[in-house]
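Enquirer: Model the placement of chain B on the given structure of chain A, informed by the hints.
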Amino acid sequence: QKEVEQNSGPLSVPEGAIASLNCTYSDRGSQSFFWYRQYSGKSPELIMSIYSNGDKEDGRFTAQLNKASQYVSLLIRDSQPSDSATYLCAVTSRSGGGADGLTFGKGTHLIIQP
Amino acid sequence: ETGVTQTPRHLVMGMTNKKSLKCEQHLGHNAMYWYKQSAKKPLELMFVYSLEERVENNSVPSRFSPECPNSSHLFLHLHTLQPEDSALYLCASSQDLVLSPLHFGNGTRLTVT
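Top line first, the protein sequences correspond to chains A and B.
Quick note on numbering: the working numbering labels position 78 of the first sequence as 78, and the sequence is numbered without any gaps.
Quick note on numbering: the working numbering labels position 78 of the second sequence as 78, and the sequence is numbered without any gaps.
Isolated chain A (complex conformation) (with noise of 0.2 Å):
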């Protein structure tokens, strides 16, 4: 069984500082990885994707990824109130062949303190 680890939280940050979020996964087989934002209501929007050790930044986000210790985290530096939603860890891979679409983490709920 394929799982997806997150902190449920909440993550209390103050505004302006850096969010911390993370992330591990149980299969090594997995290729590709994803962070995505929901906030309350709303359905999943794609913050960064990551397919290669290292740290890929966009803007005020930067993912990073160790496969070796199937860990992954996105930073979000400058944190504003706007921040403030649920953030899904999502790895895909491919097992015998077929397709297993995304398997998501159950999300860490962040909160941007102003």
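Any given hint could turn out to be false.
As the list claims (entries may be wrong) - Each computed DSS-like pair below joins lysine-lysine, with the alpha-carbon atoms no more than 27 Å apart:
| # | chain 1 | residue 1 | chain 2 | residue 2 |
| --- | --- | --- | --- | --- |
| 1 | A | Lys2 | B | Lys18 |
| 2 | B | Lys18 | A | Lys42 |
| 3 | B | Lys22 | A | Lys106 |
Rather than coming from a laboratory, the hints here were simulated on the basis of the structure.
Expert: For chain B alone, coordinates are given in the frame of chain A:
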């Protein structure tokens, strides 16, 4: 229209009703998905279609029946549902099955009474 659109946005149905959820993607993607999102649970993959062929049925009860008439449209037919089936049902599409991210529709909030 752009992106992934789902209808209806909200649906209330009795346990003996039959209804259908509709999804349409305008992104030219090859894969489409149904996910279920319940409170306090991760998103659960229900069905995956690639080029109109079903490639995954994630042990979903037969009271949920998907249909994919072409690569742009996906339906979820519902019949004799249970109250525990109340959830947010999300449609998504992706360019391919493994490496591409998902693009979600706005979802259908389903309540079974």
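Enquirer: With reference to the structure, classify each hint as holding or not holding.
Expert: So, going through the hints one by one against the coordinates:
{"no.": "1", "hint": "A:Lys2 with B:Lys18", "verdict": "violated, 33 Å"}
{"no.": "2", "hint": "B:Lys18 with A:Lys42", "verdict": "holds, 26 Å"}
{"no.": "3", "hint": "B:Lys22 with A:Lys106", "verdict": "holds, 26 Å"}
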